[in-house]
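J.: The primary structure of each chain is shown beneath.
Protein chains: 2
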Amino acid sequence: MNLILLFCEDFIAPFNEDSTQPLQARLTDRRLNHIQTVNNACIGDELRVGLVNGKIGKGIITSLDNNACILDITLVSSPPPALPITLLLALPRPKMLKRILQTSAAMGVKKIVLLNSYRVEKSFWQSPLLKAEAINEQLVLGLEQAKDTVLPEVILAKRFKPFIEDDLPTLALNTRKLVAHPNATFQSPMISNEHTTLAVGPEGGFIDYEIQKLLEIGFDGISLGPRILRVESAIPVLLASLF
Amino acid sequence: MNLILLFCEDFIAPFNEDSTQPLQARLTDRRLNHIQTVNNACIGDELRVGLVNGKIGKGIITSLDNNACILDITLVSSPPPALPITLLLALPRPKMLKRILQTSAAMGVKKIVLLNSYRVEKSFWQSPLLKAEAINEQLVLGLEQAKDTVLPEVILAKRFKPFIEDDLPTLALNTRKLVAHPNATFQSPMISNEHTTLAVGPEGGFIDYEIQKLLEIGFDGISLGPRILRVESAIPVLLASLF
Numbered sequence: 001m002n003l004i005l006l007f008c009e010d011f012i013a014p015f016n017e018d019s020t021q022p023l024q025a026r027l028t029d030r031r032l033n034h035i036q037t038v039n040n041a042c043i044g045d046e047l048r049v050g051l052v053n054g055k056i057g058k059g060i061i062t063s064l065d066n067n068a069c070i071l072d073i074t075l076v077s078s079p080p081p082a083l084p085i086t087l088l089l090a091l092p093r094p095k096m097l098k099r100i101l102q103t104s105a106a107m108g109v110k111k112i113v114l115l116n117s118y119r120v121e122k123s124f125w126q127s128p129l130l131k132a133e134a135i136n137e138q139l140v141l142g143l144e145q146a147k148d149t150v151l152p153e154v155i156l157a158k159r160f161k162p163f164i165e166d167d168l169p170t171l172a173l174n175t176r177k178l179v180a181h182p183n184a185t186f187q188s189p190m191i192s193n194e195h196t197t198l199a200v201g202p203e204g205g206f207i208d209y210e211i212q213k214l215l216e217i218g219f220d221g222i223s224l225g226p227r228i229l230r231v232e233s234a235i236p237v238l239l240a241s242l243f
Numbered sequence: 001m002n003l004i005l006l007f008c009e010d011f012i013a014p015f016n017e018d019s020t021q022p023l024q025a026r027l028t029d030r031r032l033n034h035i036q037t038v039n040n041a042c043i044g045d046e047l048r049v050g051l052v053n054g055k056i057g058k059g060i061i062t063s064l065d066n067n068a069c070i071l072d073i074t075l076v077s078s079p080p081p082a083l084p085i086t087l088l089l090a091l092p093r094p095k096m097l098k099r100i101l102q103t104s105a106a107m108g109v110k111k112i113v114l115l116n117s118y119r120v121e122k123s124f125w126q127s128p129l130l131k132a133e134a135i136n137e138q139l140v141l142g143l144e145q146a147k148d149t150v151l152p153e154v155i156l157a158k159r160f161k162p163f164i165e166d167d168l169p170t171l172a173l174n175t176r177k178l179v180a181h182p183n184a185t186f187q188s189p190m191i192s193n194e195h196t197t198l199a200v201g202p203e204g205g206f207i208d209y210e211i212q213k214l215l216e217i218g219f220d221g222i223s224l225g226p227r228i229l230r231v232e233s234a235i236p237v238l239l240a241s242l243f
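Top to bottom, those sequences are chains A and B. For what it's worth, this note's numbering labels the leading residue of the first sequence as 1, then goes sequentially. For what it's worth, this note's numbering labels the leading residue of the second sequence as 1, then goes sequentially.
Note that these hints are calculated values from the structure, not bench results. Just to be clear, a hint being listed does not mean it is correct.
As the list makes no split between identical chains, a pair holds if one copy fits it or if it spans any two.
To be verified - Keeping only pairs whose Cα atoms sit at most 27 Å apart, straight-line, the calculated DSS-like set for lysine-lysine is:
hint, residue 1, residue 2
1, K158, K58
2, K161, K58
3, K55, K122
4, K55, K95
5, K158, K55
6, K213, K161
7, K213, K58
8, K55, K213
9, K158, K147
10, K58, K122
11, K58, K95
12, K158, K131
13, K95, K131
Since we're looking at a predicted model, the values are computed, not measured.
With the hints as constraints, model all of the structure from the sequences given.
T.: In structure tokens form, the structure reads like this:
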């Protein structure tokens, strides 16, 4: 946790960014635990904080015990720039999903579509990790790691064909459209600042039909070369190779 | 497992790559289990195999039951090219170490030094995951994922100063020497095919003294920008940004 992410309900007085009163936040959950056991912080210490979807600043500890930590908050600077990407990801297995959500949030992805695909096990869609709170928990961990505040949007697309045919053309309009696929005839990724829609298949890859559907609506195939990487490594590699 | 890695002891007759006799391998361990439960393979099926530190080819199943799988092996092509890198890595926490070894092996790193640093918890050095067999197990998983056969070398450097002063100058001789450090004054990574020695610090980073020691022997600092990534994401990002 390189930044403590604050939510409006953490503020003692109703949160108002334009208020001339100093802002005070009161933390009682895992963030309190982190302040005590990892930061080993005490009264007067300054910690990096950020307001969810807002600015970054500092919190000075004015009170700290086992029940709560109270911080005087000053918010001054903007969060780091986002990556201009929509990540279209075949739903990974739940354990991997946690890390991928964290990594994607940490790297600055702001829109993630979790997509069904032929090779996605049906049971993955039943995972409690797909509940909004569980997804948010992983995203928050990623933001805290990367000192960002802006929560990504996560969309669940449980049916491949309707999503690709009805939603994706609009979603990907005027963006560079790429699908990562282990196939030597595909081109290598290129660095660009262009807004990009990047599709990444499941373990074992998209099936031919799915690739075909993506190519039909204007996606180009890219390959990372002969090595097949796990999705959790392929995503950082792809993001680093594209921007 | 995108490739079944074979070891000399898997071969029924003593292994001799130049033999005119067909090669036969007999598998009884987790690879047998994988062939049965993941590949759902049966007699006559062809699977991708590779000989450790050797060539890649195919294995045709000639016998398969719950005790063993016997394959006729043909080895024809070279493994994918390695990355020209020596990875100098502050010893990560054990759970992360497993994934980092897998990812590094999958991406083609062939030399990894696990290094002590002020912020490495002393207990990490006691982990059973640092035993040679445990390290090899993770490396093999990475090779199997990436369809590679060449086992990386892993060196344990339990003392920072003697390693940096006595061993590193020789190890890093005539290589591009880089240390990743979250500091805005450091340059961004540059793509190159030059052989590179890349140092990556622990959670919380190398301390100033350690950075200074590395700079003194010719390392240049590189930064990935304002976002702090976990080591397991930073490594794929760095490798993708450097080569």
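J.: Which constraints among the numbered hints does this structure fail? Numbers only, ascending.
T.: As far as the earlier hints go, 1, 2, 3, 4, 5, 7, 8, 9, 10 and 11 are violated by this structure, in ascending order.
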